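Student: Counted the way full-length UniProt numbering counts, the sequence shown spans residues 1 to 223.
Misleading hints may appear alongside valid ones.
Computed list of lysine to aspartate or glutamate pairs in EDC-like fashion (alpha-carbon distance at most 20 Å, straight line) [stated by the list, open to error]: (1) LYS205 <-> ASP168; (2) LYS191 <-> ASP168; (3) LYS98 <-> GLU133; (4) LYS23 <-> ASP59; (5) LYS51 <-> GLU33; (6) LYS205 <-> GLU215; (7) LYS123 <-> GLU133; (8) LYS109 <-> GLU127; (9) LYS61 <-> GLU34; (10) LYS103 <-> GLU176; (11) LYS179 <-> GLU167; (12) LYS179 <-> GLU130; (13) LYS103 <-> GLU127; (14) LYS51 <-> ASP74; (15) LYS123 <-> ASP102; (16) LYS52 <-> GLU33; (17) LYS123 <-> GLU134; (18) LYS23 <-> GLU65; (19) LYS25 <-> GLU65; (20) LYS98 <-> GLU130; (21) LYS173 <-> GLU133; (22) LYS142 <-> ASP89; (23) LYS61 <-> GLU75; (24) LYS173 <-> GLU124; (25) LYS123 <-> GLU167; (26) LYS5 <-> ASP35; (27) LYS98 <-> ASP59; (28) LYS23 <-> ASP198; (29) LYS109 <-> GLU124; (30) LYS191 <-> ASP147.
Because the hints were derived from the structure by calculation, they are not lab data.
Since we're looking at a predicted model, the values are computed, not measured.
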Amino acid sequence: MAVVKLFGAWLSPYVFRVIWALKLKGIPYEYIEEDLSNKSPLLLQYNPIHKKVPVLVHDGKPICESTVILRYIDEIWPQNPLLPADPYDRAVALFWIKFADDKSPIIAKLYRTEGEEQQVVVKEWLEMLEAMEEHALIGGKKFFGRDEINMVDIAFCMVAHWLGVIEDAAGLKVFEPYKFPRVSSWIQNFKSVPVIKDNLPDTDKIVAYLKRRKEMLLTSKSN
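Produce the complete structure using the sequences and hints provided.
Tutor: The following block contains the structure:
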């Protein structure tokens with residue numbers, strides 16, 4: 001059996017996307033934790049362009065970028081498919097994955113900003129949540145893939161887990177469950193799936209880390 005390795009970092013939502021996909025597929029793998037302040041020669045060798053995690057190495061061949069990795073995993077290991085077989089349904093899923101990829105970087109700005117600048121970021125996040133509520137999670141679906149978790153659910157992990165963590169770190173509230181009942185229900189459903197529930201990062205550890213990062217960033221801005 002080909003060896004599968006995953007180079008990751010403990011707080012990266014993009015790494016957890018890949019972890020969940022491998023777990024859902026039942027693929028054994030070796031996890032290598034990277035120190036992103038002192039990246040290993042292997043990581044730089046496998047991802048010389050962006051020098052980032054995650055990197056999946058399958059039979060000695062590296063694959064970079066989480067969405068690319070997810071699609072690779074789904075094609076190589078067809079069991080428990082993460083994308084619909086129907087061409088139209090697949091196209092719709094890929095649209096929402098692209099939407100999630102485009103919007104996800106906004107989340108980091110929540111703890112890197114303050115005042116009016118932060119309110120602009122909050123507005124962007126609310127627009128994203130409104131799009132999910134009004135267009136993506138219609139028809140009483142439990143998950144984006146209806147009754148089964150799929151790649152779209154994984155792609156929106158920022159909303160499912162990291163948004164709440166960053167709210168705590170930044171000391172603000174963006175997500176109000178009563179305003180987004182479908183999104184709120186989806187988050188509960190998503191995080192109740194055993195593979196997800198049993199493979200979430202340490203929330204307290206991330207909050208403490210992000211608070212330190214926020215202080216450092218804001219201090220450097222004021223100097």
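Student: Provide an ascending list of the numbers of those earlier hints which the structure does not satisfy.
Tutor: 14, 27
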